[in-house]
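Going down the list, the sequences are from chains A and B.
With our numbering as the guide, the letters of the first sequence map in order to residues 67 to 181.
With our numbering as the guide, the letters of the second sequence map in order to residues 4 to 118.
Treat the hints with care, as some may be off.
[Stated by the list, open to error] Restraint-style ranges between C-beta atoms, simulated for each label pair:
hint, chain 1, residue 1, chain 2, residue 2, range
1, A, H151, B, P118, 38 to 44 Å
2, A, P74, B, P43, 45 to 51 Å
3, B, L50, A, W76, 20 to 26 Å
[As the list claims (entries may be wrong)] Computed from the model, here is a short list of chain B residues facing chain A with C-beta under 10 Å:
hint, residue
4, V7
5, F38
6, Q47
7, F67
8, F103
9, K117
Hints were generated in silico from the structure; no laboratory data involved.
Beta carbons are placed, not taken as given, at the ideal position from N, Cα and C, and that holds for glycine.
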Amino acid sequence: GAVVSQHPSWVICKSGTSVKIECRSLDFQATTMFWYRQFPKQSLMLMATSNEGSKATYEQGVEKDKFLINHASLTLSTLTVTSAHPEDSSFYICSARAAGSTEAFFGQGTRLTVV
Amino acid sequence: AQTVTQSQPEMSVQEAETVTLSCTYDTSESDYYLFWYKQPPSRQMILVIRQEAYKQQNATENRFSVNFQKAAKSFSLKISDSQLGDAAMYFCAYRSGGDFNKFYFGSGTKLNVKP
Numbered sequence: 067g068a069v070v071s072q073h074p075s076w077v078i079c080k081s082g083t084s085v086k087i088e089c090r091s092l093d094f095q096a097t098t099m100f101w102y103r104q105f106p107k108q109s110l111m112l113m114a115t116s117n118e119g120s121k122a123t124y125e126q127g128v129e130k131d132k133f134l135i136n137h138a139s140l141t142l143s144t145l146t147v148t149s150a151h152p153e154d155s156s157f158y159i160c161s162a163r164a165a166g167s168t169e170a171f172f173g174q175g176t177r178l179t180v181v
Numbered sequence: 004a005q006t007v008t009q010s011q012p013e014m015s016v017q018e019a020e021t022v023t024l025s026c027t028y029d030t031s032e033s034d035y036y037l038f039w040y041k042q043p044p045s046r047q048m049i050l051v052i053r054q055e056a057y058k059q060q061n062a063t064e065n066r067f068s069v070n071f072q073k074a075a076k077s078f079s080l081k082i083s084d085s086q087l088g089d090a091a092m093y094f095c096a097y098r099s100g101g102d103f104n105k106f107y108f109g110s111g112t113k114l115n116v117k118p
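With these hints in hand, go ahead and build the complete structure from the sequences.
As structure tokens, this is what we get:
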């Protein structure tokens, strides 16, 4: 199957700083990428959907100024958590879908801890 | 909006036995896709099996099979000959056939496999 690589796998940052998470499709062109947040023992919560070259579409309740998403190329999307606070600590997962495909492939996730 | 319901937060099965995980969904669409994903402790989302709504035949992948009841909007996953490595969170998911970006997850079922 197609491979989606997410980096870093885990990151610890200080409160007030920003952290960037990368999501790359390694062997296909991802016209659409999705960013999810997952709390312990809960399901994936969609944060935003990004199409290459366009602004991301954020789900209701997700602060677009706090969670900056950039999908500048067909193989890379980034999620930047700005001015991170401890409540932003969570597991973030990306997935990527090629044009016309019904299937999305997931990255391995990033565990963010804000101290 | 479509909803996906997994009514079993947690289940247990004896190694080598069979277990069935339940999933129901609500939709007014006639064209859609259903998935079961496995999330082991590593938290990497792994596609287990998929079903196209237009196909009457139930999908099977080795020890994994589904019981797709379109009229009842039910999509259960049967795991035969359960193995210790099957222990994980299992998520049922729905993808719209009209908009591939509309993808909804259930709340998940934690499967324990007892040796």
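Quiz item: For this structure, which hints from the list above don't hold up?
Solution: Hints 2, 7 and 9 not satisfied by this model.
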